[in-house]
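> One-letter residues, chain by chain:
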Amino acid sequence: MTTYLLREVSPLGEEPTDVLLSGGVIAAIGEDLEADDAIVVDGRGLVLLPGLVDLHTHLREPGREDAETIASGTRAAAMGGFTAVHAMANTTPTQDTAGVVEQVWRLGKQAGWADVYPVGAVTVGLEGDRLAELGAMAESAARVRVFSDDGKCVHDPVVMRRALEYVKAFDGVIAQHAQEPRLTEGAQMHEGVVSAELGLAGWPAVAEEAIIARDVLLAEHVGSRLHVCHLSTAGSVEIVRWAKSRGIDVTAEVTPHHLILTDELARGYDPRFKVNPPLRTQRDVEAVRAGLADGTIDIVATDHAPHPREDKDCEWAAAAFGMTGLETALSVVQETMVDTGRMTWADVARVLSTAPARIGRVEEHGRPIAVGEPANLTLVDPDVRRVITPEEQATKSVNSPFRGRELSGCVVATFLRGRATVLGGQSCDEDVVVTR
Amino acid sequence: MKHLLSAADLTHEEAVRILDTAAQMAATQEREIKKLPTLRGRTVVNLFFEDSTRTRISFETAAKRLSADVINFSAKGSSVSKGESLKDTALTLQAMGADAVVIRHQASGAPHTLATAGWTSGAVVNAGDGTHQHPTQALLDAFTLRRHLVGDRGRADATGRDLAGLHVAIVGDVLHSRVARSNVDLLHTLGARVTLVAPPTLVPVGVEAWPADVSYRLDDVIGDGRPDAIMMLRVQRERMSSAGGGFFPSPLEYSRGYGLDAARIAALPEHAIVLHPGPMNRGLEISADAADSDRAVIVEQVANGVAVRMAVLYLLMAGETTTRSDR
Ligand SMILES: [Zn+2]
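So the protein lines, in turn, are chains A and B. According to full-length UniProt numbering, the first sequence is numbered sequentially starting from 1. According to full-length UniProt numbering, the second sequence is numbered sequentially starting from 1.
Mixed in with the good hints, there may be bad ones.
Far from chain A, by Cβ distances over 12 Å, these chain B residues were calculated [stated by the list, open to error]:
#  : residue
1  : Arg17
2  : Thr21
3  : Ala26
4  : Leu36
5  : Val70
6  : Ile71
7  : Asn72
8  : Leu86
9  : Ser121
10 : Asp224
11 : Arg234
12 : Ile265
13 : Pro279
Just so you have them, the derived chain A footprint on chain B, three or more residues with Cβ under 8 Å [claimed, not checked]:
#  : region
14 : 94 to 105
15 : 206 to 216
In short, the hints are calculated from the structure, not lab data. Note that the Cβ used here is the ideal one computed from N, Cα and C, for glycine as well.
Using the sequences and the accompanying hints, generate a full structural model.
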């Protein structure tokens with residue numbers, strides 16, 4: 001196995017030092033390390049982070065391999081600096097049995113770009129009626145700990161209560177897609193000034209906030225762990241802040257796109273900006289940034305939602321909801337939180353690695369950068385600016401909201417258990433990755 | 001002006017020019033031979049994804065009076081859920097050499113997408129998209145208002161004039177109305193004051209950004225606002241049920257609060273006129289005697305629609321000096 005000597009890198013943006021990766025672990029950290037057979041990486045000016053962990057990725061396989069496969073999606077993840085991703089359950093068939101989650105887990109292992117942790121469905125077929133076999137998924141080889149009907153809201157309060165209670169047996173967490181369905185029937189974008197002008201059916205903030213408010217109270221009542229997916233409104237931030245102040249065991253995520261984009265972008269009717277939950281207002285963007293900075297929002301999760309060209313190359317109402325995000329997440333966080341002085345690189349490591357690993361109960365990732373730890377690492381050049389082009393993306397889909405836009409920073413290298421999945425900003429050859 | 005997608009895109013100058021051109025077109029329609037040779041050899045496609053015989057016939061008549069070739073393409077029944085149909089249809093029309101595409105679509109923004117996605121090089125005219133815009137309806141309403149209310153109340157030539165100083169009340173289902181959106185934009189551009197009147201459930205969230213006042217009380221607007229014109233919007237009966245949104249409790253309650261009847265007409269200023277984009281729900285938003293009163297200019301709106309659409313097609317297509325082979 002190749003040994004890598006990272007020369008003068010800055011762990012978490014601190015003082016430069018050498019880091020030696022050998023035998024799949026961090027073998028040494030210190031000044032002027034020597035290693036004869038090592039590939040030396042010039043790390044001057046580069047920030048070393050624990051490998052990023054995404055709690056919310058849509059890999060589309062099985063069922064929509066035209067949009068993404070586990071191999072292409074995890075390769076995109078590696079390009080974005082991720083070493084682990086949680087694969088959402090809304091595949092075809094649904095990830096609602098031990099068999100399907102094990103299949104997804106195994107395909108992730110075979111691809112070898114990033115560890116894949118399948119998310120189990122909360123209800124059979126995401127239909128919101130009957131609990132899926134949560135225990136069987138938890139005990140499967142995939143060791144599922146995160147359960148979500150994402151794409152849909154677990155709307156029935158009794159089903160939600162039972163799910164929250166049931167997963168306590170194996171320390172699981174229910175990740176809720178908060179969307180009151182009756183308040184969002186036919187909704188196409190955030191309800192407000194822009195939707196009124198464009199004549200697109202509105203998606204009120206309260207449709208998200210009402211469910212979050214209900215669920216934190218349910219979680220408090222039954223003493224369970226709740227995770228709020230892709231929170232997007234100022235009111236949602238307030239509710240989570242209040243719940244945490246009461247001691248409720250709730251965590252929350254925000255997507256990169258909700259940190260930077262607003263509903264104004266819908267004005268051109270370009271379906272790349274159609275997403276669920278919808279892009280909100282500048283006021284909401286400010287609120288989620290503040291919530292992430294003060295720890296109310298625990299993590300950034302991509303909600304990477306690839307769609308093939310034909311699902312987006314049409315009129316707004318007919319287009320699919322969703323944006324890709326794995327390859328741009330770190331840049332967006334840098335641009336909105338680090339470059340603006342709201343967060344340090346240590347904070348970035350927390351929201352993009354340590355905390356998502358903790359919420360997902362993943363032990364091998366999100367670890368400190370210390371001798372003896374698994375060498376799951378990401379090397380970032382924060383000083384470059386790059387224009388996002390579809391050709392350079394590893395995801396099979398092209399629905400990036402940042403296409404043609406310049407963003408801060410780029411991933412120079414990603415290491416999964418000491419093996420480079422990305423080096424010099426290029427993904428390392430697939431065959432090499434798989435056979436090693 | 002390359003396309004007509006939204007009334008909000010029109011400058012004051014462009015809007016007045018369209019109304020002036022429409023006046024000239026209307027004058028030609030008084031003659032015995034109504035047909036002009038202006039667009040001979042040009043092809044206009046009426047691309048209708050949503051049924052609207054009235055609008056389609058109006059555009060078709062306008063194009064034919066200008067001697068254009070007209071292709072009616074009804075894509076009704078093609079599902080919105082699989083959006084490829086718009087793109088594929090557009091590419092077909094492009095291959096057939098359409099110089100202008102008049103599009104009616106149930107999805108807001110579809111004409112915008114058609115004009116900007118590079119699927120067609122022809123001019124795109126929005127003939128109504130979802131709950132977004134219906135710019136030629138607003139233009140024909142403005143034309144009708146100008147004829148009756150500008151230039152010494154319609155007795156003198158109104159050429160070059162806008163609608164400054166007029167007060168127009170738009171009454172009814174503003175939330176779902178592309179006619180209301182288009183009219184608010186255009187009437188504002190032309191200098192008129194607009195008051196939207198509707199029950200709160202039918203006023204869109206975000207309306208505060210519109211250049212219009214909002215009232216929940218029709219009688220107040222009629223009595224105190226003294227509108228020069230009152231524009232009634234069509235209300236869809238299915239909106240009364242809870243499945244349709246339950247926007248108001250009953251037709252009777254709606255009529256009492258927001259319907260135009262003889263008593264309300266009598267309370268209007270003497271010169272005020274009544275407009276309705278049709279088709280009317282007699283007995284719901286407008287009573288039969290109100291619809292047939294001499295204040296109502298609803299039938300005239302239909303005729304003015306042809307003149308306005310002739311003007312729009314003329315300005316979009318004949319203004320261009322290049323031929324197809326040059327592009
Ligand atoms: Zn979701």
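> List, from low to high, the hint numbers that the structure doesn't satisfy.
The structure breaks hints 8 and 14; every other hint is satisfied.
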